[in-house]
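S.K.: Each chain, written out:
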Amino acid sequence: MNPNSHRKSFALLSSLILAALLLSACAQATPAPTTAPVEPVATEAPVEPVVTEAPAEPVAGVMLPAVDPTSVDGAIVTAGSSTVYPLSEAMVASFKDEGFPGDITVDSIGSGGGFERFCVTAETDIANASRAIKDEEVEACRSNGREPIEFRVGTDALAIVVSAENDFVDDVTLAELALIFSTASTWADVRPEWPAEPIQRFSPGTDSGTFDYFVEEVMGEDEAPILNAANIQLSEDDNVLVQGVEGSPYAIAYFGFAYYQENAGALKALSIDGVTPTAESAEDGSYPLARPLFIYSDAGIMESKPQVAAFINFYLTTVNDLIVDVGYFPASVEALDGARQAWLDGMGQ
Amino acid sequence: MTAIPTSQEKLASAAAPINLRRRVRPHEVLIQGILFFSGAVSILTTIGIVYELGKEAFLFFKQVSLLEFFGGVKWQPQIAEFGVWPLVTATLVTTTIAMLIAVPLGLMVAIYLSEYATPRARNLLKPILEVLAGIPTVVYGYFALTFMTPILRSIFGQDIVDVYNTASAGIVMGILILPLISSMSEDALSAVPRAMREAAYGLGATRLETAVKIVVPSALSGIAAAVILGISRGIGETMIVALAAGAGPNFTFNPFEGAETLTGHIVRISGGDLSYNSIDYNSIFALGLLLFLMTLSLNILSGMVVRRFREKYE
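These protein sequences, in sequence, are chains U and F.
Sequential numbering from 1 applies to the first sequence in this note's numbering.
Sequential numbering from 1001 applies to the second sequence in this note's numbering.
Chain U on its own, in the form it takes in the complex (with noise of 0.2 Å):
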């Protein structure tokens, strides 16, 4: 080797160097998102939201105390979900812009893995969800210290999607719905007049709380069909399944009506069994795969940080002004006021 070939090799070396350094760095930044903030920031002084009205007579639904965004500080550390996570994201945003100093994270890692943070690890301090905690979940808090206190936000009517190039599908039934996502190799095997096409299927993973959902649902609570299904890409992320279904006529999806509003041009949404998801039919229920949306917190936590029982508050008193914009819809006055209800008591107020 003559000192010419040492010099290249050496600069191959450090390229092949900067090239893993890259790689590495690369590999560190992808799970971020879930890793976030490890330890929420260790309480600040106690500062009381300032109550500035006592709580209204309940006549004209339950009033929370008004709540001034500018005198808590601190961190709020929230995950969950990723159908909740737009919504509460323009929460932060709305927040922020009244003017809370603190920092918010919102992590978007599915329903599964929001309550694993918030209860087993208990690092969070609001778990996003978008279906009922389960009894396990529960136990896992209380072994924790913690109390789960539910709160409704808002109703998601879960969308069936395809993309609006395909002019075979305008309808389905929840028993068809099962064969596309489990048996039916070609969209002939589930109605004859359908062409015969393989089925391209996009589903969210296993830690979403939208395939648990649509799993209770439609599948009849057995996950193993879906997942035995051929051509099926499961991924956390809504907007790989967005991307996967507006690529062929032949594909299907089902995430929250929130991505198929972002993305309406590009995507048709199905009607269930004869009803379309529209406010009205996810409201009364007549929409098949209508589900409630929730955030969850403790009592102790809503206690000990002020910035959270305010930013809680804040949520539930200014949710409906948002929710329509985000792509979700109203939760009905009874359980908007049930969750004013249970932040009341949660403050022993």
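None of these hints come from the bench; they were simulated from the model.
Among the hints, a few may not be true.
Computed Cβ-Cβ distance ranges for the label pairs, DEER-style [said to hold, decoys possible]:
| hint | chain 1 | residue 1 | chain 2 | residue 2 | range |
| --- | --- | --- | --- | --- | --- |
| 1 | F | 1132 | U | 183 | 37 to 47 Å |
| 2 | U | 224 | F | 1112 | 53 to 63 Å |
| 3 | F | 1105 | U | 136 | 50 to 60 Å |
| 4 | F | 1065 | U | 230 | 19 to 29 Å |
| 5 | U | 279 | F | 1254 | 42 to 52 Å |
| 6 | U | 186 | F | 1310 | 48 to 58 Å |
| 7 | F | 1132 | U | 224 | 38 to 48 Å |
Since the model is a prediction, treat every value here as computed from it, not as a measurement.
We put the CB at the ideal spot given by N, CA and C, even for glycine.
Here the structure of chain U is known, so what remains is to put chain F in place on it, guided by the hints.
M.R.: What follows is chain F alone, placed relative to chain U:
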């Protein structure tokens, strides 16, 4: 006293003041220590990784037999399907496509740079080629998804090429590996002594004949090592396949279908939150160990090839 010193005296008096051996130089010791520590860190890291991989994978293989792991063609840990082949085939398909792109192109680039290019062209081309190696792989991933896939779909038809497919991931991975192959092969070609070429010219060989029949065969061990390292790079490549190849295990050799590689699966599964003591969690360490063994054996193989087939001239 002007007696002329004997040669021995001369040596002794000259040697005494500049005895380099004995003096203790604290900064030398310090530097040696730091250098030794740097070397030790990388070795200890490797040992730590092997230990951690082995520990978690052991827990996995206590529940899942090797026969099931290597005998099944379905991978869905949530419903206790632990056949690793769908992930392995996807890895093999993307890597094969990448090597089909990277080896011929990389070799041609190397031959051009070492045998044909003027020094000026060389000095211009080499850095540009090295820039390719410096592009973050996540950028390559989006390049595959938003540029290569639409091209493939317009050539072969929307119905044949899926949105997520191993072909586009493989092609872009080939572009990523190309600089590695060309740079290492060029080193090997340049190391062939000038006398060999001149002898070939002297016998009336043309430039092409010299390059293809004399220089390339002489440098074959280096080129083979480059190819093997390229393969191991392709097997371990993660971001491109995670973004563009697909998000579901699929036992297929069709490059136009979506399929998930070993690395892509690990990324997707660990992206959601897994419970620490579940079989899903342990399964990704088993996959990691498999990947580690694959690339390790390839790297060892490349070392053996170099040693076994090296032709020494100097």
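S.K.: Tell me the hint numbers this structure goes against, listed in increasing order.
M.R.: none
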